[in-house]
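Novice: Chain by chain, the residues run as shown.
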Amino acid sequence: MDVKVRFRFNTLTGEVELFEVTDIGTRRLSEAEHNQHHDQIATELGNVIERHPRISEVFADGGETNDEIVTEESPVSSSTETDQQTQVE
Amino acid sequence: MCNPRRVRVTLTRQLNQAWQREVSRSVELREHVTGEARIRQPLDSTLGTPALRALEATLAADDSGWREVEDGYRYEVDGGYVTYLIEEQALEIVAVLADEVQASGEGRQILSGVVNREIAAEAEGQYYDDGWGGYTQTSAQQKAQAAAEQQLENLAASQIEQASQEAETLSQAEIEAQARSQAQTQLQQRATERQGFLAEQARQHLDAVGIRCRQAFHQVLATAYRDAILAYARRNGADNIQWSEQNNRVEIEFNLQR
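Residue numbers (our numbering), protein chains in the order written: chain A, 1 to 89; chain B, 1 to 258.
Simulated from the structure, these hints should not be mistaken for laboratory data. The beta carbon of each residue, even a glycine, is placed where N, CA and C say it ideally should be. Accuracy of the hints is not assured; some may be wrong.
Claimed, not checked - Pulled from the structure, derived: some chain A residues nowhere near chain B, Cβ distances all over 10 Å:
{"#": "1", "residue": "Thr11"}
{"#": "2", "residue": "Ser30"}
{"#": "3", "residue": "Glu31"}
{"#": "4", "residue": "Ala32"}
{"#": "5", "residue": "Ile41"}
{"#": "6", "residue": "Glu44"}
{"#": "7", "residue": "Arg54"}
{"#": "8", "residue": "Ser56"}
Said to hold, decoys possible - Straight-line distance between alpha carbons at most 20 Å, and here's what the computed SDA-like set of lysine to any residue pairs gives:
{"#": "9", "chain 1": "A", "residue 1": "Lys4", "chain 2": "A", "residue 2": "Asn35"}
{"#": "10", "chain 1": "A", "residue 1": "Lys4", "chain 2": "B", "residue 2": "Arg258"}
{"#": "11", "chain 1": "A", "residue 1": "Lys4", "chain 2": "B", "residue 2": "Ala231"}
{"#": "12", "chain 1": "A", "residue 1": "Lys4", "chain 2": "B", "residue 2": "Arg234"}
{"#": "13", "chain 1": "B", "residue 1": "Lys143", "chain 2": "B", "residue 2": "Thr12"}
{"#": "14", "chain 1": "A", "residue 1": "Lys4", "chain 2": "B", "residue 2": "Asn255"}
{"#": "15", "chain 1": "A", "residue 1": "Lys4", "chain 2": "B", "residue 2": "Ile241"}
Using the sequences provided together with the hints, build the complete structure.
Specialist: Below is the structure:
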């Protein structure tokens with residue numbers, strides 16, 4: 001499975017604006033295999049920056065699946081409790 | 001007129017005089033006081049382990065702008081500072097307000113004593129046997145007497161002054177201690193009051209200081225994220241690795257094969 005990983009972090013807000021894993025491969029895998037690889041890569045990448053990344057999957061135009069990891073807030077939010085979320089789409 | 005003659009008068013007096021002297025000393029003290037408000041946010045429950053390690057490496061770098069302190073790394077901002085606490089793996093944001101308080105105290109004592117000693121003075125007068133110019137033996141005797149008496153007066157005054165000066169010197173430390181103690185009590189009270197006020201003010205500034213602290217933290221966090229992600233990419237044989245840092249954004253791209 002070939003994927004492209006894209007990451008963008010805003011140094012002013014502390015927001016991860018984009019953390020995306022896109023399937024760019026030509027190899028045909030079963031849906032189960034595809035999902036398994038996708039989730040594995042997304043989880044590994046999410047774990048690099050997040051303790052408990054939340055993984056989810058979305059379908060892009062054309063039917064391919066993209067894994068997108070988005071942190072919605074800085075790990076140091078202005079509240080006393082951090083409520084950062086990592087989402088993999 | 002012939003050679004002048006001299007008449008000498010010697011006077012003694014038993015000086016037995018009480019004296020009293022009021023002595024005061026003032027002391028002014030100053031103290032630097034600070035009021036703080038702080039908030040601590042754990043990072044170990046939110047940041048991934050690779051990012052946390054990269055963060056600590058970033059903070060330790062010479063060019064990070066963060067100063068190593070006893071419990072971690074600190075960055076000063078206007079109105080406070082932020083510390084990354086190594087052991088707790090937490091970020092502590094502190095708003096600080098500082099001021100100076102001062103207080104003064106006065107020590108006062110009335111010193112008294114008695115000078116009891118014999119003092120003596122001697123004076124001379126000149127005269128001519130023929131009384132030339134009015135310098136008769138009688139006038140010489142009177143002048144010598146008067147001069148000796150004046151000397152006695154001066155001597156008595158200086159003896160009293162000396163006695164009171166010595167007493168003041170002996171009491172000086174005690175009077176100053178009294179003044180210092182009074183000043184310290186007042187200073188402590190003012191410092192406590194001021195500190196409470198400053199702490200309350202600091203609590204109100206904590207949000208604004210927190211924004212500045214988080215902005216500083218986001219800079220090192222960006223580097224930590226970048227290094228951790230790039231390390232992952234290289235470790236997993238990624239190719240076409242690209243990253244940039246512009247317009248307040250760090251961007252990374254790479255391809256990965258599994």
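Novice: Each hint should be assessed against the structure and marked as holding or not.
Specialist: Now for the hints, and whether the structure bears them out:
1. Against chain B, the non-interface label of A:Thr11 is violated: not every CB pair exceeds 10 Å, the least being about 5 Å.
2. The Cβ of A:Ser30 lies farther than 10 Å from every Cβ of chain B, with a closest approach of about 15 Å, so its non-interface assignment holds.
3. Distance to chain B confirms A:Glu31 as a non-interface residue, since its nearest Cβ pair spans about 16 Å, more than 10 Å.
4. Chain B leaves A:Ala32 outside its interface by the beta-carbon criterion, the shortest separation being 15 Å against a cut-off of 10 Å.
5. A beta-carbon of chain B is positioned within 10 Å of the beta-carbon of A:Ile41; the least distance is around 6 Å.
6. Not every beta carbon of chain B lies more than 10 Å from that of A:Glu44, the smallest distance being close to 7 Å; the non-interface claim is violated.
7. Residue-level check passed: A:Arg54 sits 12 Å from the nearest beta carbon of chain B, beyond 10 Å.
8. The non-interface label for A:Ser56 is consistent with chain B: the shortest C-beta to C-beta separation is roughly 18 Å, beyond 10 Å.
9. Note on A:Lys4 and A:Asn35: the hinted pairing holds, with a Cα-Cα distance of about 16 Å set against a maximum of 20 Å.
10. Between the alpha carbons of A:Lys4 and B:Arg258 the distance comes to roughly 11 Å, so the proposed pair stays at or under 20 Å and holds.
11. Restraint check for A:Lys4 and B:Ala231: satisfied, since their Cα atoms lie roughly 16 Å apart, inside the 20 Å limit.
12. At most 20 Å may separate the alpha-carbon atoms for a hinted pair to count; A:Lys4 and B:Arg234 meet this at roughly 14 Å.
13. Between B:Lys143 and B:Thr12 the alpha-carbon distance is near 17 Å, which keeps this suggested pair within the 20 Å criterion.
14. Under the criterion of a C-alpha separation no larger than 20 Å, the hint pairing A:Lys4 with B:Asn255 is consistent with the structure, at around 4 Å.
15. The straight-line distance between the Cα atoms of A:Lys4 and B:Ile241 is roughly 10 Å, inside the 20 Å bound, and the hint therefore holds.
The earlier numbered hints that this structure contradicts are 1, 5 and 6.
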